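A.B. asks: Sequence:
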Amino acid sequence: MYRSGGQPMRHEILTWTDVDKLIDILMPRLQAVGPFDAMVMITRGGVIPGGLLAEALDIQYMLTAAVDFPSTAEAGLMAWPIFLQFPDDDLLMGRKTLIVDDVWGSGRTSTSVRGRVEAAGATAYTCVFHYNPYRSLFSNARPDYFGEATDAYIIYPWEIDRGPRGLDIEEPNPTPDLS
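Heads up, the sequence shown stops at 463 in our numbering, and the numbers go up one at a time, no gaps.
Among the hints, a few may not be true.
Label-pair distances were calculated between CB atoms; the ranges are [unchecked claim]:
id	residue 1	residue 2	range
1	Asp435	Gln344	31 to 37 Å
2	Asp435	Met377	34 to 40 Å
3	Tyr418	Leu368	26 to 32 Å
4	Gln344	Glu402	21 to 27 Å
5	Leu368	Trp442	34 to 40 Å
It should be emphasised that the hints constitute simulated quantities derived from the structure, not laboratory data.
The structure displayed is predicted, hence computed values, not measured ones.
Glycine included, every Cβ here is placed at the ideal spot set by N, Cα and C.
Sequences are here, hints too, so could you generate the full structure?
C.D. replies: This is the structure we're talking about:
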C-alpha cells in the first residue's frame with residue numbers, strides 16, 4: 285500500500301494474540317452498552333471479527349451486509365454505495381444492533397451500513413478493530429467502538445496465508461533453521 289505521493293504505507297502484521305488483546309479492550313466497552321439484539325457483519329473484513337465478538341458477547345442473531353463503491357473517475361470518493369447484500373428491514377426493526385468491520389479507513393462502508401440499519405428502524409452501534417483517523421473522510425463521525433487507533437495498514441492473522449501479494453509489501457525474510 286502506498287500513501288499519496290508514492291511513499292510506502294507503514295504496515296503492521298498482527299498475531300492471534302494481538303487480536304485477543306483487541307477483543308479484551310473492546311469487551312468491557314461493549315458490555316457496558318449491551319446486550320445487543322443483533323449483529324451486522326460487513327463482508328468480507330468484518331466476518332471474522334464479528335464472529336469472534338459474537339461468541340464473546342453471546343450474540344446469536346447475526347446478519348451480513350456487503351457493500352461496494354464503484355470506482356469511477358467522475359465520482360471518486362463521492363460514489364454512492366451499492367448494497368450487494370443487506371438484511372431485510374423487518375430483520376432489523378427495533379433491534380439494538382452492533383455493526384462490525386475490521387477497519388475504519390475512509391469510513392464510507394461503516395457509515396453507509398449504519399445509515400441503512402438506522403433507516404430500517406434499528407439502534408445502530410459501529411465497532412471496528414482498527415480506526416484510522418488520518419484516512420477517515422468524516423470529520424464528525426468515527427466508530428462508536430474501536431480497539432486501536434492507527435495510521436498503519438493492518439494485516440490480520442487470517443490474511444497472512446495469502447502472502448504479501450496484493451498488499452504491496454515485501455516478503456519477510458524466512459527465519460533461518462538453527463537446528
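A.B. asks: Now tell me if each hint is right for this structure.
C.D. replies: Checked hints:
Judged by the Cβ atoms, the range 31 to 37 Å given for Asp435 and Gln344 holds: they are separated by roughly 36 Å. Separation of Asp435 from Met377 is about 38 Å and conforms to the stated range, judged on CB atoms against 34 to 40 Å. Separation of Tyr418 from Leu368 is about 28 Å and conforms to the stated range, judged on CB atoms against 26 to 32 Å. Between Gln344 and Glu402, the C-beta spacing of about 22 Å keeps the proposed range 21 to 27 Å intact.
In this structure the supplied range 34 to 40 Å is violated for Leu368 paired with Trp442, their Cβ-Cβ distance being about 21 Å.
Going through the hint list in order, the structure does not satisfy hint 5, though it satisfies all others.
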